[in-house]
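> With chain A's structure known, arrange chains B and C on it following the hints.
Chains as they are written, first to last, in the numbering used here: chain A, 1 to 284; chain B, 1 to 252; chain C, 1 to 276.
The hints are simulated quantities; they were obtained by calculation from the structure and are not laboratory data. Just to be clear, a hint being listed does not mean it is correct.
Stated by the list, open to error - Pulled a few chain C residues facing chain A out of the computed Cβ check, cut under 8 Å:
#, residue
1, 79
2, 104
3, 111
4, 234
5, 236
Heads up, the beta-carbon is just placed ideally off N, CA and C, and yes, glycines get one too.
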Amino acid sequence: MRERWREMMMTRLTWALSGAFVIMGLGLMASVLVGSWPILMAPHSLGRLLSPLWDPLQGQWGILPFIVGSSVVTLLALCLAVPFALASAISVSRMLPPVVRPHATRVLAALTAIPSVVFGWWGLQMVVPVVRNLGGGSGFSLLAAAIVLAVMLWPTLSFLFAEALQSVSPSYVDASLALGATPDQTLVRILIPCAMPQLINAFLVAVARGLGETMAVQMVIGGQVAMPQGLLSPGATLTTQLLTDAALYPPGTRGHAALDVMALALVAAMAILVRISARWRVGT
Amino acid sequence: MAPNIRTESLTVSYRRTVVLRQISLEAVGGEVLALIGPSGCGKSTFLRALNRLVEETPGAHVTGRVFLGEMNIYSSAVDVTELRRRVGMVFQAPNPFPFSIFDNVAYGPRLRGVSDAAELRRIVERSLQEAALWDEVRGKLRRPALTLSGGQQQRLCIARALAVRPEVLLLDEPTAALDPVSTEKIEELVSNLRGRYTIVMVTHNLRQAARVSDRTAFFDDGSLVEVGLTRQIFTAPRDPRTEQYLTGRYFP
Amino acid sequence: MNQGRVLHWFALLVALGAAIVFLGLLTDTIREGLPHLTWQFLTTAPDERRGGGGIAPEIVNTVVMVGGALLVTAPLGLVVAIYQAEWQGRVHDGGVIDQVRATWLSVPSVVVGFIVYRVAVAWWHWPLSLATGGLALAVMNWPVMVTVSISALKRVPHAYREASLALGATRFDTVRRVVLPAALAELIDGWGWALARLAGESAALIITAGINVSAHWSVWGPGETLAVYIWYVRTEGVGADAGGVAAATALTLMMFIAVTLWLSGRLADWRRRAGH
Chain A
1 MRERWREMMM TRLTWALSGA FVIMGLGLMA SVLVGSWPIL MAPHSLGRLL
51 SPLWDPLQGQ WGILPFIVGS SVVTLLALCL AVPFALASAI SVSRMLPPVV
101 RPHATRVLAA LTAIPSVVFG WWGLQMVVPV VRNLGGGSGF SLLAAAIVLA
151 VMLWPTLSFL FAEALQSVSP SYVDASLALG ATPDQTLVRI LIPCAMPQLI
201 NAFLVAVARG LGETMAVQMV IGGQVAMPQG LLSPGATLTT QLLTDAALYP
251 PGTRGHAALD VMALALVAAM AILVRISARW RVGT
Chain B
1 MAPNIRTESL TVSYRRTVVL RQISLEAVGG EVLALIGPSG CGKSTFLRAL
51 NRLVEETPGA HVTGRVFLGE MNIYSSAVDV TELRRRVGMV FQAPNPFPFS
101 IFDNVAYGPR LRGVSDAAEL RRIVERSLQE AALWDEVRGK LRRPALTLSG
151 GQQQRLCIAR ALAVRPEVLL LDEPTAALDP VSTEKIEELV SNLRGRYTIV
201 MVTHNLRQAA RVSDRTAFFD DGSLVEVGLT RQIFTAPRDP RTEQYLTGRY
251 FP
Chain C
1 MNQGRVLHWF ALLVALGAAI VFLGLLTDTI REGLPHLTWQ FLTTAPDERR
51 GGGGIAPEIV NTVVMVGGAL LVTAPLGLVV AIYQAEWQGR VHDGGVIDQV
101 RATWLSVPSV VVGFIVYRVA VAWWHWPLSL ATGGLALAVM NWPVMVTVSI
151 SALKRVPHAY REASLALGAT RFDTVRRVVL PAALAELIDG WGWALARLAG
201 ESAALIITAG INVSAHWSVW GPGETLAVYI WYVRTEGVGA DAGGVAAATA
251 LTLMMFIAVT LWLSGRLADW RRRAGH
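In isolation and in its complexed conformation, chain A is listed as follows (with noise of 0.2 Å):
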């Protein structure tokens, strides 16, 4: 008696607490939706959202600016770090010896939990100098953000990406070679083409990271509002600029409203993104 009363007050446990999970995540959703209703209701919303022009003083709540820098800066980074972390997955999981492989996928998973702000640190100290005394200007830049989220990603690439090469059957690499293969073509024709469902997830997952990545930008990107005008001018992202106007505008304000719409953006390419990379391991 004692037991089914207990077996379902498990179930009732279980099932409340997903319940509120599920609230929980749609409010999340809800509220930044919610939120930007105000914007995204008023005339002509679309075009005044696209516009190129930030002002608050004016009353312009254009995020194009924003949006391009998240685009710019996280494309960029993925194209300087995707050939790093292809190189280094291919040197973990087909040139260390055995015994060594797990240790340096244990070093690059070690790695992927450095935090961003330590990154951020680190493009202050070396990249902003470098890119000042190359491009001239300040050096805060979204050629600057773009490094620091590449040496960011890199680490997690390279443990995605190698996870996706070991993950392909050993006896695929035995056929071939037992057929003539040489290494290279072996792992040209064999290896990335088999692995590349879950290579292709590991690039969505580290243009996730990218995107919703907010310190190691915000602290080299110089934080200027108005639209970029070359890799070397300073910028802002949806999320850095998310960051430094939170606590400036308060709810029920315009500027509340645009950093919503901001947000939405954000929630809204995550979802893709997750929906993209879903449809990619179903496929394999």
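Below, chains B and C without anything else, positioned relative to chain A:
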């Protein structure tokens, strides 16, 4: 004429463990040589030493000599990839690449730079016919290889190996993962390939060795116990260990 | 062995280049931070006017907020995972809970901070404090805990559950006596990783916990953490030796994270050996 393949005092060790000891064995051109013996006796390693695949295992060390025809395959002048083209291999579990049927068979020729579509088609068709799979996959060559049944997949792997025109075929328990009907088809195929290729085949299935091989070699604990005509080995083995193994009374 | 390995060697070269850059970053932190890392630094409060000072309150704040958030969300996440893996029978990939979990997990931390700021600070009038920051960390960590727990439960062979149920055990008993002990090693591993991740969090905390410390510690007092302090010192700080202080703080934080990962890994390994 398919070449002989002969080992002289072949010894293989992984780090400090010796897994093959002083094996001197010859497969005569065109014959089917079966390798039998308890699990872990080194027969798969022996097979992998014949195309130098054993070297891909880190820590493996090979001494002794292996002759393919007149060529010592372990001499430093030998191009490993060229050697492996001449010595094809089929593995225990069917392992077609996750590509289409066509791309699987065309994999080897493409490695050698064959890119002409008509030429590739001809090679693929010929190889599939030789592996007795053509009739079942004709018109479906663009389908993923993994949609085939296990037995078909294994014959596809044989076709893939044949597509590079090898002279020797190494079969590592090719029917271990298959049902009886597929097994019979593979055995029939092996019988048909006899004469055109020198075939060395590892098997756990003694009846299979008796059915398809010309000669049989019995391995135990890394050593070659005896080798002889299959009929002789199965009816009048010279070594008591062979007899015990064949009658199921062998407990090493 | 080395025929046709040109690409491989090239990859190794490129990888070494990347590793050297990374190593440079680490040694740079150590070289600059180590001289500052004294006992006094670890046990005194920051002193901005005279420059330098220590990071004692930041250490306490980090431990309290991160520990509190983990203690609250670990059981909450485990229960949600148990509901899916044990009560529903199987985890619906793409089910409602799974979709919510995946989306929530991907929300950037600064967005979580922004929402928590609106709800807790603007609506409920909570101060920028340890409590608010802890709430933000908890909101961020709940889906992580669900994910960690689900993957740990998934690794428990189904046969264990069937064996237990076949012996007449209730579902609750099966979970408590069979599934959870078998999953514990993976759970410890996952909790360690979550702890490390939370300790490095800063964006959400800048918004919700504030960027200073008070002389009188309280849950409702401002709660700057180590990670936030690094950011503050380097971007807003005016002290003369800001570089050294930031490096030493970064070093402390990374050591804290390394020790956390190492300890949880060892503990998980020990559990694994005990279990099998």
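> The structure should be examined with respect to each hint, and the outcome stated for every one.
So, going through the hints one by one against the coordinates:
no., hint, in the structure
1, 79, "holds (5 Å)"
2, 104, "holds (4 Å)"
3, 111, "holds (5 Å)"
4, 234, "holds (5 Å)"
5, 236, "violated (11 Å)"
Taken one by one, the earlier hints fail for this structure only at number 5.
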